[in-house]
Amino acid sequence: MRLAFTGAVALLLTSTAVSAQTVTVSTYGIAQDGFKKHLYAPFEAACGCKVVVEVGNSGERVAKLDARKANPEVDVIALTDFDALDASNKGLTETLDPKKLTNYSKLYEFARDPLGGNKGVGYTYYSTSIAYRSDKVKIESWADLAKPELKGRVALPNITTSQGPLTLFMVDKAVGGKTPDLAAGIDFVAKMKGDVTTFYERGSQLPQLLQQEEIYAAVLGRFGWAGIKKLGMPIAWATPKEGQSGGMNVLQLVKGSKNADLAYKFIDFWLSTEVQTKLAQDLVDSPVNAEVKLDDAVAENLTYGSDTAKSLALIPPAQLLEQRKAWVDGWNAKIAR
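Under my numbering, think of the first position of the sequence shown as 1, with each following residue one higher.
Be a bit skeptical, because a hint or two may be false.
Below, computed lysine-lysine pairings styled on DSSO-like, alpha-carbon distance capped at 27 Å [claimed, not checked]: (1) K191 - K325; (2) K136 - K173; (3) K241 - K178; (4) K193 - K173; (5) K99 - K258; (6) K147 - K293; (7) K334 - K193; (8) K178 - K325; (9) K241 - K229; (10) K255 - K241; (11) K258 - K37; (12) K138 - K258; (13) K191 - K138; (14) K241 - K191; (15) K147 - K229.
Ranges of calculated distance between the beta carbons of each label pair, as one might list FRET restraints [stated by the list, open to error]: (16) A45 - G194: 53 to 59 Å; (17) E149 - E322: 32 to 38 Å; (18) A45 - E213: 20 to 26 Å; (19) E322 - M233: 36 to 42 Å; (20) G194 - F110: 34 to 40 Å; (21) K293 - N57: 30 to 36 Å.
Just so you know, these hints were derived from the structure itself, not from any lab.
These figures come from a predicted structure and were not determined experimentally.
The beta carbon of each residue, even a glycine, is placed where N, CA and C say it ideally should be.
Work out the full structure, taking the sequences as your base and the hints as a guide.
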């Protein structure tokens, strides 16, 4: 028996033409149990179709998309906003038609067309700040990462991670940087690199480092905050005077998709109030659907609400793409050497 849904979910067609189809989704490997429970399985039940999932990091999946562009196997791809813009610039994705998305008007304004030209639609976003031992140090600025109390007790993301450019962007802002190559921020990190415990590659390393008291502070995305809170230690989330940074993930329709109609339905389903609420309640993703209402206990673990979104210092995707090589070159020359 098919599941009953409300809103946009109820609009899914269950004709034999659709039920014979498969939608292939390229996405990140994180929280796949939650996505299967609240997204993939309900969509399959509602449309009588099959969802096939390919997982991996952004670079790997964009490279696969490029290699298969003559005969694409993926219909929908989930990427960071700047990787999505890169994929679009390479001609790997299609322009979206918002009229085919019944939930489009329910999204926060910043999520509707984050890349410009309807190249993609936001499905989640997050803030990036500093988690710190409040009994050991006080963090009021991004420049406080170099405080004496944190000498040999701080973890920063490597430049190759999604959090790396965001960290440099905010540190540069804190120390008065004026140039797009973030030279001031790179110099700041270079001066303190001997006091950094690790330039981490995976955020999953951070809870253990904090628990073992190898670090007292770390830069991370809000999506990792729930795991930090579970440690039951005096750890706070910083609200630096320069603000918090963050990022957005977007959904795109792959160019040449063989199941474009079903792909649109899948994207619309993902953006629905019902699905966004369930994913948020299980701490899988922060919602971009403005109709989602969360209680304080859940909201505390996520990036939630229009006021929070407006307060974030986000790097424009085009700027990140344009400057990324200069940032990596500067990092390698002064920090990684």
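Now for the hints, and whether the structure bears them out:
1. K191 - K325: The hint holds at about 21 Å.
2. K136 - K173: At roughly 25 Å apart (the allowed maximum being 27 Å), K173 and K136 satisfy the hint.
3. K241 - K178: Within the cut-off at roughly 18 Å; holds.
4. K193 - K173: 18 Å, holds
5. K99 - K258: 20 Å, holds
6. K147 - K293: Violated: K147 and K293 sit about 39 Å apart, past 27 Å.
7. K334 - K193: Between K334 and K193 the Cα gap is close to 9 Å, so the pair holds against 27 Å.
8. K178 - K325: With Cα atoms ~18 Å apart, K178 and K325 stay inside 27 Å; holds.
9. K241 - K229: Between K241 and K229 the Cα gap is close to 23 Å, so the pair holds against 27 Å.
10. K255 - K241: Given that 27 Å is the threshold and the Cα spacing comes to 42 Å, the pair is violated.
11. K258 - K37: 26 Å, holds
12. K138 - K258: 54 Å, violated
13. K191 - K138: Between K191 and K138 the Cα gap is close to 21 Å, so the pair holds against 27 Å.
14. K241 - K191: The hint holds at about 22 Å.
15. K147 - K229: Cα-Cα ~23 Å, so holds.
16. A45 - G194: 53 to 59 Å: For A45 and G194 the Cβ distance comes to about 55 Å; the hint holds.
17. E149 - E322: 32 to 38 Å: 37 Å, holds
18. A45 - E213: 20 to 26 Å: 47 Å, violated
19. E322 - M233: 36 to 42 Å: 40 Å, holds
20. G194 - F110: 34 to 40 Å: Holds, since G194 and F110 (Cβ atoms, about 39 Å apart) stay within the stated range.
21. K293 - N57: 30 to 36 Å: Given a distance of about 33 Å, which is inside 30 to 36 Å, the answer is holds.
When each numbered hint is compared with the structure, violations occur for hints 6, 10, 12 and 18.
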